[in-house]
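Asks: If you use the working numbering, the sequence shown corresponds to residues 1 to 98, in order.
Since the hints were made in silico from the structure, they are not lab data. For each residue, glycine too, the CB sits at the ideal point set by N, CA and C. A portion of the hints provided could be inaccurate.
[Stated by the list, open to error] Across the chosen pairs, the derived CB separations fall in these ranges: (1) GLY76 to THR33: 14 to 24 Å; (2) ASP20 to ALA44: 13 to 23 Å; (3) ARG30 to THR58: 15 to 25 Å.
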Amino acid sequence: MAPRDALAAYEREAASGFTDADDCQQFMTRKLTAGVKVCKAMEAKDRQTYAEPIVDVTEAERQADHYGRDNLGAKGNSLAVSLPLQRMVAWFREHSEG
Numbered sequence: 001m002a003p004r005d006a007l008a009a010y011e012r013e014a015a016s017g018f019t020d021a022d023d024c025q026q027f028m029t030r031k032l033t034a035g036v037k038v039c040k041a042m043e044a045k046d047r048q049t050y051a052e053p054i055v056d057v058t059e060a061e062r063q064a065d066h067y068g069r070d071n072l073g074a075k076g077n078s079l080a081v082s083l084p085l086q087r088m089v090a091w092f093r094e095h096s097e098g
């Protein structure tokens, strides 16, 4: 899958949102999983070109591991994972080569 195609799938997951804490946990798990798929697509295409957003996804995974992947629904935890993923999306908006 091309990185921009993976990003489109990620954005569909991110657009779904959530309604309560349990739903937030599931949403954040889906969002992180989709972010990892974008990362794999970037790594497969060109690690050098995508170095910055790859680091962002890696940071999101690190935060998820730090706070516990089964506790991503907590407000601070979801934010810690979401921010690096948002930086990844912003990178694609700023770089047409991506």
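Asks: Does each hint hold? Answer for all of them.
Replies: Evaluated hints:
1. GLY76 to THR33: 14 to 24 Å: Hint holds: Cβ distance 20 Å, inside 14 to 24 Å.
2. ASP20 to ALA44: 13 to 23 Å: The hinted range 13 to 23 Å is violated for ASP20 and ALA44, with Cβ atoms some 36 Å apart.
3. ARG30 to THR58: 15 to 25 Å: Given about 19 Å between the Cβ atoms, the range holds.
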